[in-house]
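Enquirer: The chain contents come next:
2 protein chains.
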Amino acid sequence: MNFSSIKQMGFLGLWGESVDAVDFYTAKTERLSRDISLEREKITSNPKSIMAAAFVSFKTRWGAAVCAQTQQCRNPTIWLTEWAPEPRDVYWENLSIPFVFLTIRRLIVAVAFFFLTFFFVIPIAIVQSLANIESIEKALPFLKPIIEVKVIKSFIQGFLPGIALKIFLLFLPTILMIMSKFEGFISLSALERRSASRYYFFQFINVFLGSIITGTAFQQLNNFIHQSTNEIPKTIGASIPMKATFFITYIMVDGWAGVAAEILRLKPLIIYHLKNFFFVKTEKDREEAMDPGTIGFNTGEPQIQLYFLLGLVYAIVTPILLPFIIVFFALAFVVFRHQIINVYNQEYESAAAYWPDVHLRIIVALIISQLLLMGLLSTKEAASSTPLLITLPVLTIWFHRFCKGRYEPAFVRNPLQEAMMKDTLERAREPNLNLKGFLQNAYIHPVFKSADDDKIDVVMEEWEEEPSLIATKRTSKRSTPLSSKHGRSSFSSPEANKERSKT
Amino acid sequence: MNFSSIKQMGFLGLWGESVDAVDFYTAKTERLSRDISLEREKITSNPKSIMAAAFVSFKTRWGAAVCAQTQQCRNPTIWLTEWAPEPRDVYWENLSIPFVFLTIRRLIVAVAFFFLTFFFVIPIAIVQSLANIESIEKALPFLKPIIEVKVIKSFIQGFLPGIALKIFLLFLPTILMIMSKFEGFISLSALERRSASRYYFFQFINVFLGSIITGTAFQQLNNFIHQSTNEIPKTIGASIPMKATFFITYIMVDGWAGVAAEILRLKPLIIYHLKNFFFVKTEKDREEAMDPGTIGFNTGEPQIQLYFLLGLVYAIVTPILLPFIIVFFALAFVVFRHQIINVYNQEYESAAAYWPDVHLRIIVALIISQLLLMGLLSTKEAASSTPLLITLPVLTIWFHRFCKGRYEPAFVRNPLQEAMMKDTLERAREPNLNLKGFLQNAYIHPVFKSADDDKIDVVMEEWEEEPSLIATKRTSKRSTPLSSKHGRSSFSSPEANKERSKT
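Top to bottom, those sequences are chains L and B.
Start counting the first sequence at 327; every next residue gets the next number (the numbering used here).
Start counting the second sequence at 327; every next residue gets the next number (the numbering used here).
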């Protein structure tokens, strides 16, 4: 019996009766497991714990496709059917929000986001006005001797005004994510998609427009309301060429350096070593400290799209900016490819559900660049060509509508043809396939899951027969309870269709 | 043998060999019938006459509902399924337009409609400048003595400038209908719905805004582009109270008098007597001359909605206008109720497909009235209350979105619950129902129909067993080859689903 296995029963384990630590913790674990299973049983049998939402599995993909695409009930708000997200992708908290509350929440979030985008400077300005050196000296007089040191004072004076803004921008993705969660999306991928759209809009207003016409979003809004409609593209368009050097700097400082920081991963390295030093005791702790997390599409993707917008806007006006953009994209491609394959864990498989959003944002960027070009040209000698340029946005919008009709259904619906083909193929290949064992535990609330982890892993093994072309970290078991490589779950798990019945 | 049965074979029946007219026309009819049936057979057997569209009938409503609501093919543009319109409602010419052409046509029509709305005054102004008395005298010098008569001259001078505009406005519904047809809608009801939206927009721009800010739509557009965004509602809002008397006159002259003219039906009366005098020879001719046609939703409905808009806009600003509106609506209700029940033939049954459009236009009218109220108040002493009023349009838009989610599916989809209920009920009530005989000739191109008219009528009789509460002209056989009263075809004929396969 060595020292580490002795446990004292008193305060903080510092004194009291000594017992064998292994015995003590074994007993404690057993007691806790019993409590957990009791609590689980209580929840399972309690009728109040029943949610107004269910995951329904179908024997055929055809049945699931029909059920997901049709309206079941006369009242379209009390029984909604939609494709279930992947099991890993489910956001359990939002599963059963009634339709009326959903629409109210959407309204609240829309209003809140409007104020966030255009008025976020007001609270920050207030904080900044409070957080100057004089008020700090007044509130915390004992700091006065330190602050009065000249180096520190000038550092604080230079740093303090920006710090409130920096902190806000650091928390912005989190705020947007909370908004999306409040809005009631039922999958992590949908949450991230919505956050990404909002982040892009915020960046467009506050970084792109904010840099070009220099002023807070609120002042811009005020300007736009009081300016005539055809003056707006003129004002912006005319100042675009002047801001080219600023954006070249921005691309280098934010873009290139950002990509470099991405591959360095300095922050995770420091955090890992801190964790390693203070918290890591077992091998499992170390593994958890090593966990790189997910790639965070909700901030990375809009950032990249902002550079796309910059490229489109400056392509005609100041082509010298383009090489910088190209270098950024080349770097970003190499780095993010590496990061996705070798570093990050994949949290979910959303079957390219991001693409329609990305496409929309590219179209929006195109239209913005065309409008600004029109504004710029109308201030130059080519003013008479401006009306002809109107055909450009009209054709772009038309192209978007065409693509929406032609390609969007591929992301939203599962055609019956494909479902039937796969069903028939499967029936011919594996006539005795028994899905029940797999499906029984596929959609299970994480609270009930932990105990059955091994069981699921066993079932999973059966499903993981396909060889992967590139060895990635994607099948990492810890964060991915279910592999997504198998064909059956490639399209938002066609065999399992979630029915949400709402009251 | 009386005179009327003698036919002369020469030019215009004035000379030549005399033959018995009954024999001659019987022979001619037979020859024509033979030609027609030959031509029909040729078309039926010719593979080039096969359209890339088909009407598919299902054994159960459930099957039809599933097929109409799901995507069949991997490429969503080559095989579209949608609810078939009622047989009477089908617009055969547009049945098989490929998706790409549809989107191109939509673009062309959108651009054309924009120019029609905002630039229609330009050609009219040109015509007006040409059509003055001097140029008429120059072109047609022999009319000079007549024109120089003082009464006629002043009449022409007063009348001529307006006549080009009047003729244009007379043809406007036809132009809009041609646009809708070109756009490729497959049912008459959809054509009329789209024309109605366009007509409403045209009226809103050219009658409502045109009267308030006095100027052609093109000048308005120019103003709006060069005016600051918050000035537009101010300009319009400020001039609204001044125009109240004009709109009261407008309601009386156009609204009240229009309703009175509707019940008088003076124009159809004159046309009937002219036709009766010149063309009517047989009983069938007389019946055709009596035919009142359909009610023409595409012009009547937007007209009524314009009065709704006027009522909403003036409700707060100049409530004295409201009694005039109420009198108009009361009159219109009585008159149109009478006309629909006793006068007009019903061309199709679209199952209230108009309502979503009407609802949207009411919402738009509400938002316009709120914006104009904000504009008006901001010019008065209540300027500081304007920002608070912004909540009104926000809440209105939210209400619209809620209604769209809650009620629109009832107009677009057929819930499986209802389909299944009706199927089960029918199977229990009429287990031996044979639909084939009815469905075989339900969707048949009018070209093939005439010969089988009697046959269809016989089949129809079986279906017309339900008593109607109010005896209307709705079942008029001549223009309505299929009755729409029976429950089975009440929702765009759920038992027959049209599949459009496009190349």
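Keep in mind that the hints were calculated from the coordinates and are not lab data.
As the structure is a prediction and not an experimental result, all values here were calculated from the model.
All residues carry an ideal CB built from backbone N, CA and C; glycine is no exception.
Among these hints, one or two may not hold up.
Some chain L residues close to chain B (C-beta under 8 Å, calculated; not the full set) [as the list claims (entries may be wrong)]: (1) T403; (2) I404; (3) L421; (4) S422; (5) F425; (6) R732; (7) P741; (8) Q743; (9) E744.
Covered stretches of chain L, going by a simulated chain B footprint (3 or more residues, C-beta under 8 Å) [what the hints assert, rightly or not]: (10) 517-523; (11) 552-560; (12) 633-641.
Enquirer: Taking the hints in turn, state whether each one holds.
Expert: Do the hints match the structure? See the list:
| no. | hint | result |
| --- | --- | --- |
| 1 | T403 | holds, 5 Å |
| 2 | I404 | violated, 10 Å |
| 3 | L421 | violated, 18 Å |
| 4 | S422 | violated, 17 Å |
| 5 | F425 | holds, 7 Å |
| 6 | R732 | holds, 5 Å |
| 7 | P741 | holds, 5 Å |
| 8 | Q743 | holds, 5 Å |
| 9 | E744 | holds, 6 Å |
| 10 | 517-523 | violated (count 0) |
| 11 | 552-560 | holds (count 6) |
| 12 | 633-641 | violated (count 0) |
Hints 2, 3, 4, 10 and 12, counting from the list given before, are not met by this structure.
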